[in-house]
Amino acid sequence: MATMPASASDLLKSFKLKTKQQELLIRVSILCLVYILAFITRLFSVLRYESMIHEFDPYFNYRTTLYLTENGFYDFWNWFDYESWYPLGRIVGGTLYPGLMVTAVLIYRILRFLRFAVHIREVCVLTAPFFASNTTLVAYFFGKEIWDSGAGLVAAILIAICPGYISRSVAGSYDNEGVAIFALLFTFYVFVKAVNTGSLAWSLASAFGYFYMVSAWGGYIRFVGFQHVQSGEHMAAMGVFFLMQVFYFLDWVKHMLSDTKLFQAFLRITVTCAVAVGGIALGLGMVSGYISPWTGRFYSLLDPTYAKDHIPIIASVSEHQPTAWSSFMFDFHILLFLFPAGLYFCFKRLSDATIFIVMYGLTSMYFAGVMVRLILVATPAVCLISAIAVSATVKNLTVLLRSKNKVVQTGSTKGSGGSKSSSKALLDQSQPFQKNGAIALLFGAFYLLSRYATHCTWVTSEAYSSPSIVLAARGAHGNRVIFDDYREAYFWLRQNTPQDAKVMSWWDYGYQITAMGNRTVIVDNNTWNNTHIATVGRAMSSYEDEAIEIIRSLDVDYVLVVFGGVTGYSSDDINKFLWMVRIGGGVFPVIKEPDYLVNGEYRVDKGAAPKMLNCLMYKLCYYRFGEMLTEYGKPPGYDRARGVEIGNKDVKLEHLEEAFTTSNWIVRIYRVKPPNNRWWLNRYKFG
Amino acid sequence: MKSFRFCFLMLTIAILASPALSDLVLSKVDRRVENAGPEKESLVLLAFPEQQAKNMAYLMATPHEGKGKVKNPVVALPVEAANPKDMPAALTFYSVSLPKGLAEGDSFTFDVLAVFTHALRPIPEQITQADIQLVLYQDSAHYLSPYAVKVQSLSVKLPDSRIESYTKLENTKIHGSEIKYGPYENLPSFSYSPIAVHFESNLPFAVAQELVREIEISHWGNVQVTEHYKLIHGGAQSKGEFSRLDFLARPNVRGASAFRYLVANLPPRAHSVYYRDEIGNISTSHLRGDSKKTELLIEPRYPMFGGWRTAFTIGYGLPLQDFLYESDGKRFLNITFSSPMVELVIDALIVKVVLPEGSSDISVAASFPVEQWQETKISHLDIDGRPVVVLKKTNVVPQHNQFFQVYYHFSQLSMLREPLMLISGFFFFFVACIVYMHADISISKSSASYLAKQQWEEVQAVIQQVQNIISRCLTTHDNLEASLRDLSRTGNIQACKAARKAADGLLKELSKELKPLLTFLQSSPSAAQVLPKVEELVAKERELQEKVMVKHSTVVDGYEKKLGARDIENRVALQQQKLTALRQEVDDLLEFIDEI
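If you're matching them up, the sequences are chains A and B in order.
For the first sequence, position 614 (counting from the first letter as 1) is numbered 613 according to numbering that gives the first Met the number 0, and the numbering increases by one without interruption.
For the second sequence, position 384 (counting from the first letter as 1) is numbered 383 according to numbering that gives the first Met the number 0, and the numbering increases by one without interruption.
Everything labelled a hint here was simulated from the structure, so no lab data went into it.
Hints may contain errors.
[Unchecked claim] No more than 25 Å apart at the CA atoms, straight line, and that leaves these computed lysine to aspartate or glutamate pairs for DMTMM-like:
| id | chain 1 | residue 1 | chain 2 | residue 2 |
| --- | --- | --- | --- | --- |
| 1 | A | K19 | B | E512 |
| 2 | B | K532 | A | E592 |
| 3 | A | K143 | B | D593 |
| 4 | A | K394 | B | D587 |
| 5 | A | K434 | B | D586 |
[Unchecked claim] To give an idea of the chain B side of the interface with chain A (calculated C-beta under 10 Å), a few residues:
| id | residue |
| --- | --- |
| 6 | A147 |
| 7 | F241 |
| 8 | L244 |
| 9 | D245 |
| 10 | I278 |
| 11 | N280 |
| 12 | G306 |
| 13 | T309 |
| 14 | P418 |
No residue lacks a Cβ here, since even glycine has one placed at the ideal position from N, Cα and C.
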């Protein structure tokens, strides 16, 4: 860093190191500390809970990694998963991004080779923090490439603790993003490096970095197939590619034709022809359907309200919502103010590298505004640009301070010779508070940075380190109460249901059921088949006797619902229910959203819509809940998540029976009874 | 016929079905044998019907100690499986060797303890959450024996006084939870009278279908025990709904047959206890410890109803000195064989003792027959794996929880193996780093960029030298200044002149050294950028040097002419100012060059 505490420099001087070596030593030790900090700040959840996989998607990744370690790469590649999307199944090998799993297995193998008998779960849990640490290193080099090593160091520190990044890379969050952000930043860094040096080796590294990134985060060649020429989203990229070819071709032609006039004519003809051919090809492609139109996700990037009206399944995911200002503040804190300052510095010193980072920063900021989850992509750019702002400001201020100090020193040694003032002294006199101002500003900067550090630690500890599988609450005496209901239910499924049992639940829990419960699910978080999900949504929102038809046709043995009425856990199925209705209604028009609302209001108490009170989801959640006393001084059947007494206390089930309910009622599992007559026959035969 | 020479004088059988044990029947037989034949006899045969023999887990015979005697450790009588001729094939025989042969008319009293597993059959086989669990026990009221029995009685002790039904024979009495059959007198050999008792039992029917215990010895002071349980509730299957509401409201009525927790009595000073399963930690466990034992209470994730399964792992560390001893140059581990869990029937128990890498000469001593083989296990920092002794036993009951010993040779030096491996690993890593930093691994030695880089490195080295020289010049200047100060203090002109002479010589030498460096920089193309600054630096330094000399001469002159101090100061004041300015400039330049 540009500023170095005096005592430290004295200490280093006592080692008899040259200034260069001192600087190197400080830089390396700061980097090491940042590396370690980035790792340990992500371990809150491991220390507070345990070394476990978090959330939903990581469970799928963990399951596939386990499969990869056990069966090897070829089996993994050809894996057809019968345990999800029953009865369709899923071609896992061809529909996932293998970068993450391959990376984890590679680390696992290396550790094993080095004779560390680790379990693959530990590797998976710690992959994200490890890559976050590596990202800080890349950020340092990137910052160094764009600006200077001071900016690099600041960038490394900022990104190490930035909540926007931590949210996806805490220990246990074993998701593609954890590796992909590293790969992304690495690719960009190597790209800029290649542009700056013109070296072929760097550009090759950039290509490999890019390959790694897409293999971890979206569309490696096998998966993309011909999408880059077929899908609408990739057209722009392809256009740029062709433009570059055309540009260099013209350059070459210009070189060959020494005559300018001739070249002008040639240029006119070729450009007209190329545009015409391109336009016709595009038009034909569009019309014939060879080039697919833009997909919903892409539209929703351009128009944030698009998904809400057209594709409920995308809109139903909370991380696809447009970002609120508060979450920008939450994830970036002071970086939000430093970002424009950094842009100013970038524009002041325009180069290929700074233009690149400015472009990256601005576009990703736009996308971050459209979708909450894309804050993650913007984070590296924001950190880098803010680092430039911090570093440049601090450097300017310290230069001011140091130069002044010297003048003062010489002045004091001069003694009586004050009248012979140098130009510097003149400058000082013109701005009498410059030194004080600089000191004040420096203090201000450090205050801000320390606030940032506090904020980041607080956010990491409070908001981003909960595994969301285990819920924690404060008890009446301030003690920590743990609700481990999810695992209770999944383990019950794993142990006490037939091996081939099919479990129907809303898609959120699909990955967890297959990974922890080891049972076949109807739909899961992969959401590749909207109709299938809509069928489940329809079953959940129908009356029981209609639903049982769907349930039987899907061969379902168990139905699982998540219910927070006893504990006050608000992200349960009743609160997600409207999305099921919407998604179900999107495919099956029999399901109409207004049937479940009263005057446009969603309620579960006595005033609720009759269809609501009798649909399967309501029945499964509130079965026998009417007899339950949840809170002192409230009537039985008081739903704590919604704060109302439920409207239908006399829930009778005809085709389903309660198979298991967890100790806090968060997960309820129902068994589908065999059809009545056959049941009777069976009894006759064996009883 | 040999066997008829015996007859049992007195026989009381107490079947404890059982105060605490679930799927387990303890049968305790108190036998008094009298030799009725003429020959001396030392073997007594015990007969069990096939059904019982299949389920028999444990059999022990001890000489009878009279009541009121101090209980000192009794030596068990040797019991062996026997296959006597001319006996019904449907019976399984065991022979008990008496301590000394019995002559005619002599008598001897001994106790036989037999433990049967899976002898209680739940009837009905399926119950709902609200039902109570009933089990059926079948046996014979008459003692099945190859010998004639003079007097015999049977008492069946039940856990609860609620009895659904029992076979009523002559002389049947019921006392609370105890059913008494007999006494019967003068029964012929092989007399059999089937009885069945159908009673309520809500005791936990915890059965470990498989238990793998891994005991890992580390000579750094720890014995790590890891136990993997696969548990099932072996009682009546639950059917129909499981209602959490009912279970919450009245767990003892709606869910009476279910068990919610298990207790493990770990050895004292057990530490680092954990309780987890395949999908993570289980937070419902309690640990209490005192100096005699450590009690671990674990709750499965869900209450165990009939037929429900669960699987979990518990692990704990034990201090090494409590379990590892040495004898005859061999070490041996002395630890209990079976699970610390109370009231647990184990269908298949596998005990793996993992010895440290490099152990040899391994042997096992156990007080009952076990299957045994060896494996290797690769753990942290192992090259060829640790030897593992595997012991397997089926049908294990708490009576098997006896100490067993594993003897092995292990050299103390082998302990250093792993730390040394780590140290050498780091060592080689650092060596590799050093080699990397010093080696030139560029592929193309003739490429422009490589050459430019090399030249730049040379230039940097030269600049470093120039800087060194300049700073040495500056120190010389400082020395001169110091000599001037000495002069003003002591007035010793000669010393000052000597200092001046030395400085002159040194500076000349330094400027000589500087020349080739400057010519190199002038000739090198990659130094073009820094050259002006370096040249400026050298020029400024030379100027500074001259000024210092002039000042020095002036001052010395002044002293020689014996001028006043103030006068001299006035003379050099102007020079002094220029000097400071110059020095400042030189310092700035040095710093600037340093930053390149």
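A quick look at each hint next to the structure:
Taking the CA atoms of K19(A) and E512(B), the gap is near 24 Å; set against the 25 Å cutoff, the hint holds. Of the pairs offered as hints, the one joining K532(B) and E592(A) is violated, with about 79 Å between alpha carbons and a cut-off of 25 Å exceeded. Taken as a hint, the K143(A) and D593(B) pair is honoured in the structure, with Cα atoms around 19 Å apart against an allowance of 25 Å. Our distance criterion of 25 Å between C-alpha atoms is met by K394(A) and D587(B), whose separation comes to about 17 Å.
Distance restraint check for K434(A) and D586(B): the Cα-Cα separation of roughly 22 Å lies within the 25 Å cut-off, and the hinted pair is therefore satisfied. Residue-level restraint check for A147(B) is violated (minimum Cβ-Cβ distance to chain A is 46 Å; threshold 10 Å). With 10 Å as the threshold, the beta carbon of F241(B) comes within range of chain A, its nearest partner Cβ sitting at about 6 Å, so the hint holds. A hinted interface residue such as L244(B) counts as satisfied when its beta carbon comes closer than 10 Å to some beta carbon of chain A; here the least separation is about 5 Å, so the hint holds.
Because the smallest distance between the Cβ of D245(B) and any Cβ of chain A comes to about 9 Å, under 10 Å, the interface hint for this residue holds. For I278(B), the interface hint holds, the least distance from its beta-carbon to any beta-carbon of chain A being 4 Å, beneath 10 Å. Annotation: interface hint on N280(B) holds; nearest CB of chain A at approximately 4 Å, less than 10 Å. With its C-beta approaching chain A no nearer than about 8 Å, G306(B) sits inside the 10 Å limit, and its interface hint holds.
Nearest Cβ of chain A to the Cβ of T309(B): about 6 Å, under the 10 Å cut. The hint holds. Given hint, P418(B) at the interface with chain A, is violated; its Cβ is 13 Å from that chain's nearest Cβ, farther than 10 Å.
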